[in-house]
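Residue numbers (full-length UniProt numbering), protein chains in the order written: chain A, 1 to 345; chain B, 1 to 345; chain C, 1 to 345; chain D, 1 to 345.
Everything labelled a hint here was simulated from the structure, so no lab data went into it. All values reported here derive from a predicted model rather than from experimental measurement. Any given hint could turn out to be false.
Given that identical chains are not distinguished, each listed pair holds provided it fits within a single copy or across any two copies.
Stated by the list, open to error - Here are the simulated lysine to aspartate or glutamate pairs, DMTMM-like style, with alpha carbons at most 25 Å apart:
(1) Lys104 - Glu300
(2) Lys104 - Asp301
(3) Lys250 - Asp69
(4) Lys3 - Asp105
(5) Lys188 - Glu37
(6) Lys250 - Glu263
(7) Lys250 - Glu227
(8) Lys3 - Glu59
(9) Lys250 - Asp168
(10) Lys188 - Asp69
(11) Lys250 - Asp225
(12) Lys331 - Asp44
(13) Lys331 - Asp254
(14) Lys188 - Asp44
There are 4 protein chains.
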Amino acid sequence: MIKAGIVGGTGYTGVELLRLLATHPDVTVSCITSRSEAGLPVADLYPNLRGHYDLAFSEPDVETLKSCDLVFFATPHGVAMRMVPELVSAGVRIVDLSADFRLKDLSVWADWYGMPHESGEWAEKAVYGLPEVARDAIRDAQLVANPGCYPTAIQLGFLPLLESGLVDPSRLIADAKSGASGAGRQGKIGMLHGEIGESFKAYGASGHRHLPEIRQGLSAIAQADVEVTFVPHLVPMIRGIEATLYAELKNPADFERLQTLFEERFRDEPFVDVMPQGSHPETRSVRGANHCRMALHRQEDSNIVIVSSVIDNLVKGAAGQAVQNMNIMFKLDETQGLSAPAFLP
Amino acid sequence: MIKAGIVGGTGYTGVELLRLLATHPDVTVSCITSRSEAGLPVADLYPNLRGHYDLAFSEPDVETLKSCDLVFFATPHGVAMRMVPELVSAGVRIVDLSADFRLKDLSVWADWYGMPHESGEWAEKAVYGLPEVARDAIRDAQLVANPGCYPTAIQLGFLPLLESGLVDPSRLIADAKSGASGAGRQGKIGMLHGEIGESFKAYGASGHRHLPEIRQGLSAIAQADVEVTFVPHLVPMIRGIEATLYAELKNPADFERLQTLFEERFRDEPFVDVMPQGSHPETRSVRGANHCRMALHRQEDSNIVIVSSVIDNLVKGAAGQAVQNMNIMFKLDETQGLSAPAFLP
Amino acid sequence: MIKAGIVGGTGYTGVELLRLLATHPDVTVSCITSRSEAGLPVADLYPNLRGHYDLAFSEPDVETLKSCDLVFFATPHGVAMRMVPELVSAGVRIVDLSADFRLKDLSVWADWYGMPHESGEWAEKAVYGLPEVARDAIRDAQLVANPGCYPTAIQLGFLPLLESGLVDPSRLIADAKSGASGAGRQGKIGMLHGEIGESFKAYGASGHRHLPEIRQGLSAIAQADVEVTFVPHLVPMIRGIEATLYAELKNPADFERLQTLFEERFRDEPFVDVMPQGSHPETRSVRGANHCRMALHRQEDSNIVIVSSVIDNLVKGAAGQAVQNMNIMFKLDETQGLSAPAFLP
Amino acid sequence: MIKAGIVGGTGYTGVELLRLLATHPDVTVSCITSRSEAGLPVADLYPNLRGHYDLAFSEPDVETLKSCDLVFFATPHGVAMRMVPELVSAGVRIVDLSADFRLKDLSVWADWYGMPHESGEWAEKAVYGLPEVARDAIRDAQLVANPGCYPTAIQLGFLPLLESGLVDPSRLIADAKSGASGAGRQGKIGMLHGEIGESFKAYGASGHRHLPEIRQGLSAIAQADVEVTFVPHLVPMIRGIEATLYAELKNPADFERLQTLFEERFRDEPFVDVMPQGSHPETRSVRGANHCRMALHRQEDSNIVIVSSVIDNLVKGAAGQAVQNMNIMFKLDETQGLSAPAFLP
């Protein structure tokens, strides 16, 4: 039985980890910390957990965390980078759901997150935890940087196109849309139901923190610098990301090969589902599940290939992928605790 | 391994049965019928089931159904009453999620459903499947009439009040609210997102089909005729029912005893959660789960006791309760396949 | 041209006043105050107003407000009671949309609002601004206390029943449901889209601030003490209130007279629409409009009369009623600026 | 007073025309036809219109329509092309909100709409009614083809870029998102609240009927063949379109000139609002209003210019633009009946 701790458990990522781990047969959550809610039973904050956990939030305490086999960080950026070095030195393995260890270029990190990075050593050693790209490295990692939600949907969708070299890596567009839970559980006026419940907008269109992560990931996949334009949008729903991806085929005739290429690339992936060409994946088809579903399109004889890719931002885009990474790290069946179908309607 | 069949599987109740049974370790779904969709793989209609079921919808065929241990009916009213007699004669056990066998007075049934009842014998033998009231009878039943969604939330909330005789049974009010999935998956203009997505209304305020079912159930519990006013409302959400119940205490001082009364009544019930007095149960706290959560209130020294009771209409109000009934009928752990936490946010 | 000021204009009531007054031919908004947003153009906060107002928020300044003919208070409770005396002394007329002057019993006010009332004189002189009850007094009022949203929907629905004496005033139940804008525009976690976007719950079931206002209003109408139970609920939509009202007929046969009674009572009311008996008013049918629509029901031969009453909480429940009161106070056509149809779909 | 008729008034476009015309001082609606609802008062179908119209739907009758000064067609495709020739011969002026007269190439029309076009003469004579492009022609037109919703948002956003020749016309991408009212008011399962209320997806990604209209319009603006990829998406809200447009600057340095270019291009347009560079227009900022709001972005030093453009699909994307066209055709103030602010929150 893996003894797991969660640092920063009051947000949506925290409660989603608790939901998924409640039915995981090989894990027990031994502590969950929150500075602001210390002492409060988790089931008082999240009544869906009544009857599932007796646990209360506790003050973050490094000694307690050291007794865990694995610690998940579900904190704002800047927290994990300060606590991780001591924990890993004590032999604790880490899955960090925050952005602290996702970028390799620390000056880029500092620019986007507005503070210097304090753990260069571990930023270098951290494994970027996209299992479809880095499963072997994840298996042996001490520290896994769990990918962001948008970067997960976007990298998986572009993956076969860039690996195969069939598209122009300097002309990538990712138009992505997310439900409101992606903004977290904080009392911001801009995220009130009264503000966004019946409206749609782009945001971060001049630059969003996930842009450098996407660029780094796609460049690694393409083994070349890519140029990617990424515009996120806010959808009046709670969960789900859809990314519509546009790439230019070097040879338009190659479009005919793409469906097979995608299916073969993901054949052995338990959580990537390539739907028949021309399908339109719905976010609800992955709601609550760890799957990424995608489908290919093109319009008439255009040289533009279109990929629509959907995930649940809180599952494959956060807590589910973290559990998947844990399963890999601890040599469990990769789908353990993640096998329930998505939640529809 | 229980071999289960589903008749009428294209609606929301059908897909919810499939979702729940996908992770149930003791059941295999051997057939699912649909006249309109025969031949179509279920995963083509419901993409959340891709990878979980290879099954396709088939024409309803009595011989095939006879090979099942259990058949769920998820059909419009009027279907089960015609097919059940032959199946039970063949030894198949039945959980009917439709309204066909819920009412004991067949003239009342005929009035509300607009057709004569065709199976008086089985209407009499059917066990009304509210486990919190009739667990023993369900265990041995050949045919279980699975309760309606509103009647489940309302009967559970009034249960301790009527059993204890502390309230006036002639002055009960049930003001209930449901998400849109309660209306089923049919192409009605009135249920379009464009019509109801940002609106709220009462419906059936002069009389709804669940009224006689509620009255019959509450009268049985009270062992006396009750008078109950029931007004349903349509909420712009997909799942969930909240019922606010009003009853008049014969002796206002008895209010102080109610919290304990409720807690004791439901102490051994795996799916009824009495929250602390003064709580406000949210429908999302039971979304996707088989729980009914409830809480008690009164205003100043009023003699009116208020109960707020929530369920997921598709789970405890339909497919989940059907699985619970199946578990009881087949002497399984009652929570088998129903132990995942609700889905929040 | 009436010169109007608005104190506390950043909330939903403030922007709704601006929306309605933008097309009102007889009013000009000369100042709108906000401590927190002073200096910011209103159209920067509310882009729907781009092109309609050049005005910026200003610091609240009594001297500037004294130059207005009318001042609307759209402030939290406790603000108007401190500023009103000086303004009325200067001859300014006031429509207070806050709760400060709604209750006549100041000890009750102090209990519910958690502070002593500081303007007993004006609390007594204030006219409770429900035009359907107090039109003549409003016409000459210096200070109008604009009714709360729930109290408006509930009082109008009970009005003919209580005036006529046909129902038992000691057994009234008001089960009311509101969209999220009723909670105002503040960064509360509990009002995030992620929290309430796909959920329904009761709140304040043990006592809500609108209860004493409702009780005071209904008692005045009934000319007797009433006992009323009031439970509000939160609907995952932005605007709209539906109140389902239950009352016990002294003589059940009187139900047949009620439709005519209601129609006659409201025949000359420009903003109350009695729909045909058995109708189900939708909140969207009044969205953006100053109307209250209602309809009558009963179930079989019950002695319970059911009234479903809908308003837009920001219009007839706040800003629209304030404009209606202003129209009455300044002897304008009562529908001036309020004649656009509701917004559907 | 202009005497207007509406053919096909039961859909969302029809009720929106009625809502807007209810407050238009220069128009009276003398007839509204519907085959399916003939005889039904419009206010029975649309309760928001109670008190505003006494009119009932009537059978479509050419003689009655001939007595109108103007007829709006709010019909499915294929209807207007059969009725228009006789009406225009009788001197009636037409604004056709359907797709019948939008495309000049009738073989393209036949391909996308699955039937031969029956009125080649009037397809040629029809003026494509985008006032920002064709105001003078509209003024004198007998027949105006009112643009589609997506084409309106997309053409306005690309307009200054293509007119100025600053971008590559062979690499245009329009990623557009629409609320559910765009699919009309028909009982389709796929548009139920239960299906789409909490989900997001692309649709028509391999080709949508608005693609040839967009291509025709952009090519006319660019005075060259354009290549445009257009992917529509369905947003779980009722009204609103947001289009995120991507174009490649021939010279990246030109980006600095674009804000001024856009502001100047639309300076005299009453319904196009260029927001400050870097803004994110929200669909709610135009809900119920005839405005198109847009803003410019680019990411770091990219050569991709991003335009986010929002409209209300039922107003500027349908009924509002039809009223605007009518105002132009009858030499009224272009904003007559269209001056109310958008509806927020």
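Outcome of the hint check:
1. Lys104 - Glu300: between (40 Å within a copy, 20 Å between copies)
2. Lys104 - Asp301: between (39 Å within a copy, 22 Å between copies)
3. Lys250 - Asp69: neither (48 Å within a copy, 55 Å between copies)
4. Lys3 - Asp105: neither (32 Å within a copy, 57 Å between copies)
5. Lys188 - Glu37: This pair counts as both: shortest intra-copy Cα distance 19 Å, inter-copy 16 Å.
6. Lys250 - Glu263: within (20 Å within a copy, 37 Å between copies)
7. Lys250 - Glu227: both (15 Å within a copy, 16 Å between copies)
8. Lys3 - Glu59: within (18 Å within a copy, 50 Å between copies)
9. Lys250 - Asp168: both (6 Å within a copy, 18 Å between copies)
10. Lys188 - Asp69: neither (35 Å within a copy, 36 Å between copies)
11. Lys250 - Asp225: both (16 Å within a copy, 21 Å between copies)
12. Lys331 - Asp44: neither (34 Å within a copy, 33 Å between copies)
13. Lys331 - Asp254: For Lys331 and Asp254, the Cα distance exceeds 25 Å both inside one copy (38 Å) and across copies (55 Å).
14. Lys188 - Asp44: For Lys188 and Asp44, the Cα distance is within 25 Å both inside one copy (22 Å) and across copies (18 Å).
Checked against the numbered hints given earlier, the structure breaks hints 3, 4, 10, 12, 13 and satisfies all the rest.
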